[in-house]
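Protein sequence lines, in the order shown, are assigned to chains S and W.
So the first sequence is numbered by this note's numbering: it starts at 201 and just counts up by one.
So the second sequence is numbered by this note's numbering: it starts at 303 and just counts up by one.
Hints should not be assumed to be uniformly reliable.
[As the list claims (entries may be wrong)] Quick list of in silico lysine-lysine cross-link-like pairs, DSS-like style, CA-CA up to 30 angstroms:
no.: 1; chain 1: W; residue 1: LYS496; chain 2: W; residue 2: LYS458
no.: 2; chain 1: W; residue 1: LYS435; chain 2: S; residue 2: LYS337
no.: 3; chain 1: W; residue 1: LYS339; chain 2: W; residue 2: LYS423
no.: 4; chain 1: W; residue 1: LYS423; chain 2: W; residue 2: LYS384
no.: 5; chain 1: W; residue 1: LYS496; chain 2: W; residue 2: LYS438
no.: 6; chain 1: W; residue 1: LYS500; chain 2: S; residue 2: LYS308
no.: 7; chain 1: W; residue 1: LYS458; chain 2: W; residue 2: LYS471
no.: 8; chain 1: W; residue 1: LYS423; chain 2: W; residue 2: LYS383
no.: 9; chain 1: W; residue 1: LYS435; chain 2: S; residue 2: LYS357
no.: 10; chain 1: W; residue 1: LYS515; chain 2: S; residue 2: LYS308
no.: 11; chain 1: W; residue 1: LYS435; chain 2: S; residue 2: LYS308
no.: 12; chain 1: S; residue 1: LYS231; chain 2: S; residue 2: LYS308
no.: 13; chain 1: W; residue 1: LYS435; chain 2: S; residue 2: LYS334
no.: 14; chain 1: S; residue 1: LYS334; chain 2: W; residue 2: LYS339
no.: 15; chain 1: W; residue 1: LYS510; chain 2: W; residue 2: LYS467
no.: 16; chain 1: S; residue 1: LYS334; chain 2: W; residue 2: LYS384
no.: 17; chain 1: W; residue 1: LYS383; chain 2: S; residue 2: LYS357
no.: 18; chain 1: W; residue 1: LYS545; chain 2: W; residue 2: LYS515
no.: 19; chain 1: S; residue 1: LYS337; chain 2: W; residue 2: LYS438
no.: 20; chain 1: W; residue 1: LYS438; chain 2: W; residue 2: LYS515
no.: 21; chain 1: W; residue 1: LYS438; chain 2: S; residue 2: LYS357
no.: 22; chain 1: S; residue 1: LYS308; chain 2: W; residue 2: LYS467
no.: 23; chain 1: W; residue 1: LYS339; chain 2: S; residue 2: LYS357
Calculated directly from the structure, the hints in this document are not laboratory data.
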Amino acid sequence: MDLNLIKKLIKAVETSEITDFFIEEGDLKIKISKKTAPVIQSAPQYIEAKLPQTQNETTASVQASPEQKEAKPEIPAANLHEVRSPIVGTFYRAPAPDADSYVNVGDKVSEGNVLCIIEAMKLMNEIESDATGKIVKILVENATAVEYNQPLFLIEKN
Amino acid sequence: MLTIEDFDIKLETETFGRNFVVCDEVDSTNRFLLDSKEFDEHGTVVFAEFQTKGRGRKDREWVSQKGLNLTFSILITKKLKKINVNLIHFAASLSVAQALENLFQLNINLKWPNDVLVGEKKIAGILLESISKGEKINRLVVGIGINVNQPTFSGKFNIQPTSTKIELKRIVSRERLLSEILNILESNYRTLRKDPLKIMNDWRARCKMIGEKIRIVDENIDKYGILEDIDNEGYVLLKTNGKVEKINYGDISLR
Chain S
201 MDLNLIKKLI KAVETSEITD FFIEEGDLKI KISKKTAPVI QSAPQYIEAK LPQTQNETTA
261 SVQASPEQKE AKPEIPAANL HEVRSPIVGT FYRAPAPDAD SYVNVGDKVS EGNVLCIIEA
321 MKLMNEIESD ATGKIVKILV ENATAVEYNQ PLFLIEKN
Chain W
303 MLTIEDFDIK LETETFGRNF VVCDEVDSTN RFLLDSKEFD EHGTVVFAEF QTKGRGRKDR
363 EWVSQKGLNL TFSILITKKL KKINVNLIHF AASLSVAQAL ENLFQLNINL KWPNDVLVGE
423 KKIAGILLES ISKGEKINRL VVGIGINVNQ PTFSGKFNIQ PTSTKIELKR IVSRERLLSE
483 ILNILESNYR TLRKDPLKIM NDWRARCKMI GEKIRIVDEN IDKYGILEDI DNEGYVLLKT
543 NGKVEKINYG DISLR
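Sequences are here, hints too, so could you generate the full structure?
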């Protein structure tokens, strides 16, 4: 089997309008299908997505993101963990305006690591990670308002 | 140094301050309790004669001369699910106000949400910090700084400071003040669960800014209006052009 050929085919499908592709040559059968899942564009829309759908949409967004298209194995939803806000308040990625962010996309975090601060009426609440893994997405802009239970981070669990 | 016996003899609490840690010097008493794996008992108090990194909100500095004032933090781990955590600001600042009134008959003015003033000068500040994991707040720390026997303050401040020494022109017992605050705070924390309205009413009765023209400022807010009231959830009700808006953050000052 020619791996390069397969990669080329995937690339070709990816850049085309085709959603399903099938080729048979002797014993070799290749089927490539492209999902046209909606990409989640901004956090506010995200808030509206209540529980069951949230997990699905999350997976969809990851599949549709560029780095995931490269014929990598899909990350099953079970491996993705959402860190949510326990309170209504303002989301801060750093302890002070001029300080470094607690975490960035790509960082490895362990359970108990501080990820951000949510300030609610001058109560500075540090949010600790409740999962161990890698930060794959930060879902909220710094210094913006967050709602109760709003997803803040996506963590790809180890 | 703080005389533990003088403090202990006046302490009438069940839990607050029963586990009492004294540090000669620590970075910040809040940080100490937030990070401590060793002390996790509800009501644990950490007292420091000096904080090397005493702070307020957004890492503003809290400056306090060694051995003259009160800088301490109380760990709260119980009943956090049953109360509105926002109201802890009001219970804490009210407790400091009531203690200063009881012992020294000071005329206290409370500034939203948790500054304790005498007139327009700041005598005490409070910083609330908590840690949550998942959907739960597990540890909440109430940090309290009170200017007691410090005679002068030099430097630039957001709000001009004062102390009991400046107001009363005498040295007072820090131990007595500390025990009084903890006695009242424990009782107010209980009231917060049963009758939060009582706490809010007692707090509002000491807020002289209600009805006044104010300015509210923060990173992405700068508004002028009339401080219509503080509602029962602790939000500022700001009236601008006949409309009332709920605000839950920012620094308030008289216009």
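Hints, verified against the model:
1. LYS496/W x LYS458/W: Violated, because 41 angstroms separates the two Cα atoms, which is more than 30 angstroms.
2. LYS435/W x LYS337/S: The given pair, whose Cα atoms are some 18 angstroms apart, holds under the 30 angstroms limit.
3. LYS339/W x LYS423/W: violated (37 angstroms)
4. LYS423/W x LYS384/W: violated (34 angstroms)
5. LYS496/W x LYS438/W: The hint holds at about 21 angstroms.
6. LYS500/W x LYS308/S: violated (47 angstroms)
7. LYS458/W x LYS471/W: holds (23 angstroms)
8. LYS423/W x LYS383/W: It is violated: about 35 angstroms lies between the C-alpha atoms, which goes past 30 angstroms.
9. LYS435/W x LYS357/S: holds (16 angstroms)
10. LYS515/W x LYS308/S: violated (49 angstroms)
11. LYS435/W x LYS308/S: holds (17 angstroms)
12. LYS231/S x LYS308/S: Violated: LYS231/S and LYS308/S sit about 34 angstroms apart, past 30 angstroms.
13. LYS435/W x LYS334/S: holds (17 angstroms)
14. LYS334/S x LYS339/W: Judged against 30 angstroms, a Cα distance of about 25 angstroms means the pair holds.
15. LYS510/W x LYS467/W: holds (23 angstroms)
16. LYS334/S x LYS384/W: violated (34 angstroms)
17. LYS383/W x LYS357/S: Holds. LYS383/W to LYS357/S sits at ~28 angstroms (cutoff 30 angstroms).
18. LYS545/W x LYS515/W: holds (14 angstroms)
19. LYS337/S x LYS438/W: holds (22 angstroms)
20. LYS438/W x LYS515/W: Not OK: LYS438/W and LYS515/W at ~38 angstroms, beyond 30 angstroms, violated.
21. LYS438/W x LYS357/S: Answer holds: LYS438/W to LYS357/S is near 20 angstroms, not above 30 angstroms.
22. LYS308/S x LYS467/W: violated (51 angstroms)
23. LYS339/W x LYS357/S: Given that 30 angstroms is the threshold and the Cα spacing comes to 25 angstroms, the pair holds.
Checked against the numbered hints above, the structure violates hints 1, 3, 4, 6, 8, 10, 12, 16, 20, 22; every other hint is satisfied.
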